[in-house]
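Engineer: Protein chains in written order, with this note's numbering: chain C, 1 to 96; chain E, 97 to 192; chain G, 193 to 311; chain V, 312 to 430; chain Z, 431 to 548; chain X, 549 to 666.
The reader is advised that the hints may include incorrect statements.
What the hints assert, rightly or not - Lysine-lysine pairs mimicking BS3-like chemistry, simulated, CA-CA at most 30 Å apart:
(1) Lys623(X) - Lys280(G)
(2) Lys399(V) - Lys51(C)
(3) Lys147(E) - Lys280(G)
(4) Lys194(G) - Lys258(G)
(5) Lys377(V) - Lys607(X)
(6) Lys50(C) - Lys489(Z)
(7) Lys241(G) - Lys433(Z)
(8) Lys147(E) - Lys551(X)
(9) Lys241(G) - Lys360(V)
(10) Lys258(G) - Lys360(V)
(11) Lys280(G) - Lys399(V)
(12) Lys489(Z) - Lys258(G)
(13) Lys607(X) - Lys373(V)
(14) Lys607(X) - Lys194(G)
(15) Lys479(Z) - Lys399(V)
(16) Lys241(G) - Lys399(V)
Treat the hints as calculated values from the structure; they're not laboratory data.
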Amino acid sequence: MLHIVNKSPFDRPTLATVARVAQGGALLLIEDAVVAATQGVASPLAEIQKKMPVYVLGPDLEARGLNERVIEGVTVVDYNGFVQLVAEHRNCQSWL
Amino acid sequence: MLHIVNKSPFDRPTLATVARVAQGGALLLIEDAVVAATQGVASPLAEIQKKMPVYVLGPDLEARGLNERVIEGVTVVDYNGFVQLVAEHRNCQSWL
Amino acid sequence: MKFAVLINEGPYQHQASDSAYLFCRAAIAAGHQVTRVFFYHDGVYNAIKFAEPPQDDRNIVKRWSKLAEEHGVDLVVCVAAGLRRGVKEEVLAPGFRISGLGQLIEAGIEADRLVTFGD
Amino acid sequence: MKFAVLINEGPYQHQASDSAYLFCRAAIAAGHQVTRVFFYHDGVYNAIKFAEPPQDDRNIVKRWSKLAEEHGVDLVVCVAAGLRRGVKEEVLAPGFRISGLGQLIEAGIEADRLVTFGD
Amino acid sequence: MKKFMFVNRKAPYGSVYALESLEVVLITAAFEQQVSVVFLDDGVYQLVKGGQTRGIEMKNHIPAYRVLPDYDIDKFYVERESMEARGLTPEDFVVDVIVLSAAELGALMEEQDVVLSF
Amino acid sequence: MKKFMFVNRKAPYGSVYALESLEVVLITAAFEQQVSVVFLDDGVYQLVKGGQTRGIEMKNHIPAYRVLPDYDIDKFYVERESMEARGLTPEDFVVDVIVLSAAELGALMEEQDVVLSF
Numbered sequence: 001m002l003h004i005v006n007k008s009p010f011d012r013p014t015l016a017t018v019a020r021v022a023q024g025g026a027l028l029l030i031e032d033a034v035v036a037a038t039q040g041v042a043s044p045l046a047e048i049q050k051k052m053p054v055y056v057l058g059p060d061l062e063a064r065g066l067n068e069r070v071i072e073g074v075t076v077v078d079y080n081g082f083v084q085l086v087a088e089h090r091n092c093q094s095w096l
Numbered sequence: 097m098l099h100i101v102n103k104s105p106f107d108r109p110t111l112a113t114v115a116r117v118a119q120g121g122a123l124l125l126i127e128d129a130v131v132a133a134t135q136g137v138a139s140p141l142a143e144i145q146k147k148m149p150v151y152v153l154g155p156d157l158e159a160r161g162l163n164e165r166v167i168e169g170v171t172v173v174d175y176n177g178f179v180q181l182v183a184e185h186r187n188c189q190s191w192l
Numbered sequence: 193m194k195f196a197v198l199i200n201e202g203p204y205q206h207q208a209s210d211s212a213y214l215f216c217r218a219a220i221a222a223g224h225q226v227t228r229v230f231f232y233h234d235g236v237y238n239a240i241k242f243a244e245p246p247q248d249d250r251n252i253v254k255r256w257s258k259l260a261e262e263h264g265v266d267l268v269v270c271v272a273a274g275l276r277r278g279v280k281e282e283v284l285a286p287g288f289r290i291s292g293l294g295q296l297i298e299a300g301i302e303a304d305r306l307v308t309f310g311d
Numbered sequence: 312m313k314f315a316v317l318i319n320e321g322p323y324q325h326q327a328s329d330s331a332y333l334f335c336r337a338a339i340a341a342g343h344q345v346t347r348v349f350f351y352h353d354g355v356y357n358a359i360k361f362a363e364p365p366q367d368d369r370n371i372v373k374r375w376s377k378l379a380e381e382h383g384v385d386l387v388v389c390v391a392a393g394l395r396r397g398v399k400e401e402v403l404a405p406g407f408r409i410s411g412l413g414q415l416i417e418a419g420i421e422a423d424r425l426v427t428f429g430d
Numbered sequence: 431m432k433k434f435m436f437v438n439r440k441a442p443y444g445s446v447y448a449l450e451s452l453e454v455v456l457i458t459a460a461f462e463q464q465v466s467v468v469f470l471d472d473g474v475y476q477l478v479k480g481g482q483t484r485g486i487e488m489k490n491h492i493p494a495y496r497v498l499p500d501y502d503i504d505k506f507y508v509e510r511e512s513m514e515a516r517g518l519t520p521e522d523f524v525v526d527v528i529v530l531s532a533a534e535l536g537a538l539m540e541e542q543d544v545v546l547s548f
Numbered sequence: 549m550k551k552f553m554f555v556n557r558k559a560p561y562g563s564v565y566a567l568e569s570l571e572v573v574l575i576t577a578a579f580e581q582q583v584s585v586v587f588l589d590d591g592v593y594q595l596v597k598g599g600q601t602r603g604i605e606m607k608n609h610i611p612a613y614r615v616l617p618d619y620d621i622d623k624f625y626v627e628r629e630s631m632e633a634r635g636l637t638p639e640d641f642v643v644d645v646i647v648l649s650a651a652e653l654g655a656l657m658e659e660q661d662v663v664l665s666f
């Protein structure tokens with residue numbers, strides 16, 4: 001399952017919920033959630049990375065001026081990559 | 097200053113921010129924030145109560161079926177009380 | 193006392209408009225004056241006259257129009273936020289008018305208290 | 312592959328409609344089909360034809376209309392959510408149609424993937 | 431037949447998602463799919479009984495969950511941690527629920543064909 | 549003359565509040581009031597320089613903060629804890645900011661006549 005998160009870990013508990021609930025597949029960070037993948041931010045992302053690969057949407061990082069701060073082990077994708085991730089996984093869940 | 101909070105402490109960091117920033121006056125919990133004033137919920141409310149009186153909007157508690165769970169030391173007010181609180185304080189801040 | 197109100201969200205999706213309305217009504221009942229309600233961000237959607245909620249639900253748009261009619265509350269829809277979202281004269285319910293952000297600042301200057309409702 | 316999309320927020324206030332649009336465009340460019348975009352909750356505001364954003368900003372409503380025209384994407388506005396908020400035939404931009412929630416469930420059944428965008 | 435899951439994570443009344451999610455679930459009944467409805471995080475407040483909405487002049491939609499089993503929608507799942515953190519128990523809810531651990535809920539989610547989140 | 553404070557607590561682009569808050573601040577300049585603009589929680593991301601919005605097809609409004617000092621709006625306050633928790637420093641921002649502790653910010657807020665929160 002592809003887990004899609006769009007909220008900052010500072011602003012919502014969403015990423016913590018995913019860390020608790022999600023059993024596998026992959027995680028894609030979009031919109032305000034991209035801040036979770038930047039240096040110096042403490043978030044449940046490290047825990048999630050033990051369970052599944054983590055992707056982050058490049059255009060959202062760039063818009064926020066954060067593209068040079070991405071932490072190691074997170075893969076930056078564009079919208080084409082977003083589409084591919086949805087296609088590759090049997091199902092998806094947008095954690096609203 | 098009257099501090100007005102409308103979000104659940106489980107869903108947003110707002111109440112934690114108020115606990116950190118607000119220096120005095122009073123706090124009014126409305127809308128989804130009323131859950132912070134109910135039994136068995138761990139939130140920054142206890143810390144805020146050391147600094148200022150805390151009020152909670154009764155109609156919002158009743159709508160959510162939580163009116164019999166209000167913790168001690170929090171005063172339940174109706175919309176009339178909400179208006180009075182705004183009038184009594186020199187200024188107000190809705191923590192959106 | 194003179195109150196002004198700022199509403200940042202549309203009707204139904206968030207409780208902001210409901211809370212603001214019940215606050216205004218209580219303020220008026222207590223003898224205060226609500227000089228202006230300013231609708232900003234998605235708040236501009238509160239002015240769409242075509243709204244037709246289910247019979248057993250409250251009609252948020254009509255409630256505001258009625259408050260304007262009965263108590264002279266000035267309902268101002270932000271022109272910039274409205275244009276962006278398609279809330280223009282063509283869709284405006286009675287009692288609402290479209291004007292600039294300056295009306296919000298003016299309300300803040302003239303009222304004794306400005307109370308914001310949003311998400 | 313057949314994609315369906317659900318949009319739960321209006322234009323501008325949240326990024327949901329932007330993200331959904333860029334996702335749809337990328338999917339079509341990659342050779343996939345976007346069968347239906349269903350607009351629910353405040354998502355119904357994406358269909359208001361009167362929207363007139365500043366010249367230097369994107370026009371979210373027009374973008375959706377164009378996608379429908381050029382790629383046959385079925386843009387469905389939820390009738391119940393639309394009535395509640397005043398988004399009816401009178402305000403509908405080209406390419407959008409109003410129908411029931413059943414169209415969302417049908418899209419979920421028929422598409423290979425249903426992707427949701429919201430707040 | 432597909433497996434549909436509806437995920438509710440927001441409190442009722444503060445926003446419309448709880449009500450409009452319920453409206454989707456009701457419609458889904460007509461399509462004879464396999465439906466499960468999940469409540470976690472603040473979504474568990476959507477099931478708390480005894481609410482009186484007169485004071486906020488809204489319609490109380492929560493009792494409507496009780497009619498869903500008549501349409502063969504009776505799988506209501508609540509995540510244990512979310513429930514306990516809010517001082518709630520299954521007796522507080524308007525319908526019978528199945529309490530799941532976070533891991534159990536995650537596994538159930540993996541099995542779904544369509545997951546809708548409100 | 550009244551003291552107006554604008555409080556920004558949300559990240560830019562994910563929602564419109566950052567942009568439309570800036571539009572209010574710009575208008576306020578014409579009214580010759582005492583204006584301060586505060587950034588805390590995710591609002592501090594509104595000031596991060598170097599953003600390129602082409603990929604999301606939105607307008608980059610953040611450089612517009614640079615024109616505000618021309619209209620005598622130059623009090624930009626950032627709360628220290630919010631900034632540090634996000635791994636940011638004053639060098640990361642598009643304008644010169646005054647970094648305040650939470651308590652200092654709270655005291656400044658008490659002095660205001662009108663506080664607008666977006």
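Engineer: Hints first: check each against the structure and report whether it holds.
Structural biologist: So, going through the hints one by one against the coordinates:
1. Lys623(X) - Lys280(G): violated (35 Å)
2. Lys399(V) - Lys51(C): With a Cα-Cα distance of about 46 Å, the restraint between Lys399(V) and Lys51(C) is violated, given a limit of 30 Å.
3. Lys147(E) - Lys280(G): violated (46 Å)
4. Lys194(G) - Lys258(G): holds (19 Å)
5. Lys377(V) - Lys607(X): holds (20 Å)
6. Lys50(C) - Lys489(Z): The given pair, whose Cα atoms are some 45 Å apart, is violated under the 30 Å limit.
7. Lys241(G) - Lys433(Z): Outside the cut-off at roughly 40 Å; violated.
8. Lys147(E) - Lys551(X): holds (24 Å)
9. Lys241(G) - Lys360(V): holds (15 Å)
10. Lys258(G) - Lys360(V): Given pair Lys258(G), Lys360(V) holds - Cα atoms ~27 Å apart, limit 30 Å.
11. Lys280(G) - Lys399(V): Answer holds: Lys280(G) to Lys399(V) is near 15 Å, not above 30 Å.
12. Lys489(Z) - Lys258(G): holds (20 Å)
13. Lys607(X) - Lys373(V): holds (17 Å)
14. Lys607(X) - Lys194(G): Outside the cut-off at roughly 38 Å; violated.
15. Lys479(Z) - Lys399(V): Violated - the C-alpha atoms of Lys399(V) and Lys479(Z) are around 35 Å apart, more than 30 Å.
16. Lys241(G) - Lys399(V): holds (11 Å)
Hint compliance for this structure: hints 1, 2, 3, 6, 7, 14, 15 are not met, and every other hint is.
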